[in-house]
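Chemist: Sequence:
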Amino acid sequence: MDKNAVKTYLEGLQDRICQGLATEDGGVDFREDSWTREEGGGGRTRVIAEGAVIEKGGVNFSHVRGSELPPSASAIRPELAGRAFEAMGVSLVIHPRNPYVPTSHANVRFFVAEKPGEDPVWWFGGGYDLTPYYPFEEDCIHWHRTARAACAPFGEAIYPRFKDWCDQYFFLKHRNETRGVGGLFFDDFNELDFDRSFGFMRAVGDSYLDAYLPIVNRRKGMDWRERERNFQLYRRGRYVEFNLVYDRGTLFGLQSGGRTESILMSLPPLARWDYDWHPQPGTPEAALYDYLTPRDWLGEGGAP
Numbered sequence: 001m002d003k004n005a006v007k008t009y010l011e012g013l014q015d016r017i018c019q020g021l022a023t024e025d026g027g028v029d030f031r032e033d034s035w036t037r038e039e040g041g042g043g044r045t046r047v048i049a050e051g052a053v054i055e056k057g058g059v060n061f062s063h064v065r066g067s068e069l070p071p072s073a074s075a076i077r078p079e080l081a082g083r084a085f086e087a088m089g090v091s092l093v094i095h096p097r098n099p100y101v102p103t104s105h106a107n108v109r110f111f112v113a114e115k116p117g118e119d120p121v122w123w124f125g126g127g128y129d130l131t132p133y134y135p136f137e138e139d140c141i142h143w144h145r146t147a148r149a150a151c152a153p154f155g156e157a158i159y160p161r162f163k164d165w166c167d168q169y170f171f172l173k174h175r176n177e178t179r180g181v182g183g184l185f186f187d188d189f190n191e192l193d194f195d196r197s198f199g200f201m202r203a204v205g206d207s208y209l210d211a212y213l214p215i216v217n218r219r220k221g222m223d224w225r226e227r228e229r230n231f232q233l234y235r236r237g238r239y240v241e242f243n244l245v246y247d248r249g250t251l252f253g254l255q256s257g258g259r260t261e262s263i264l265m266s267l268p269p270l271a272r273w274d275y276d277w278h279p280q281p282g283t284p285e286a287a288l289y290d291y292l293t294p295r296d297w298l299g300e301g302g303a304p
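Using the numbering used here, you'd call the opening residue of the sequence shown number 1 and step up by one each time.
The set of hints was computed from the structure by calculation and includes no laboratory data.
Just so you know, not all the hints are guaranteed correct.
Calculated cross-link-like contacts (lysine to aspartate or glutamate; reagent style DMTMM-like; alpha-carbon spacing at most 25 Å) [said to hold, decoys possible]:
no. : residue 1 : residue 2
1   : 173       : 188
2   : 3         : 119
3   : 56        : 228
Computed from a prediction, not measured in an experiment: that's the story for all the values here.
Just need the whole structure built from these sequences, with the hints factored in.
Modeler: Now the structure itself:
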């Protein structure tokens, strides 16, 4: 187990993703905010705002340590309760300005839980998902095709397994709809040896820009008006609901004493809630709801 190699990779991944997104936005710089944590560790928060393409986005690296796993982590692994922990990862959320460009989220992370006299328990986690407002089937197919290609070297069962997990995880139970069109989600991943498990996490992290930037490039020049903007803000409300009610990363960060501003950078700059609003049947806004249910994207017109 080489924790230093994981940290070096994650710091480099943050650099590469920020560079790729800034270039797509026309060269707008990310603002960097380095921080430390009293119990141990720290991170680099990088935020972009009011860009030509990205209204608000954040790409965070964190490396934190603690004397005891918080409840959000030990609840699903009760045998690890009371262990010290070390966690590092890159997490990002991009909220575009143009309603035709989807919001995207990605995260890759590494955990170690340790106890004197016992072997350390380690695992990887992460994934990415896409949240369109005005979806295009070709974009969804491209997103999932890229995800499948990243998983392919690690076995044919990996993509469908983690695609299904993503559909289940990013589901708003109180709305009975998925947050978007999914992607990949995995956690507690240590079934391969360390090097292969680390390799899988790298494959997911390295594929994010390949999955997202072609979609941004296709849609960022599309014309939009107040109607599309209002619908985008309304649907951003669903993003806020998920992150504050269900997201395990948000809960872990807050319960472990993480930096609040960095944790909540995933929230959009603007959102709206309209009481009991529903789109008119047959409108472009109504079409989104046909996408908010799990679908086999690569079996419905998405063959290689």
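Chemist: With reference to the structure, classify each hint as holding or not holding.
Modeler: Hints, verified against the model:
| no. | hint | in the structure |
| --- | --- | --- |
| 1 | 173 / 188 | holds (23 Å) |
| 2 | 3 / 119 | holds (15 Å) |
| 3 | 56 / 228 | holds (18 Å) |
Hint compliance for this structure: every hint is met.
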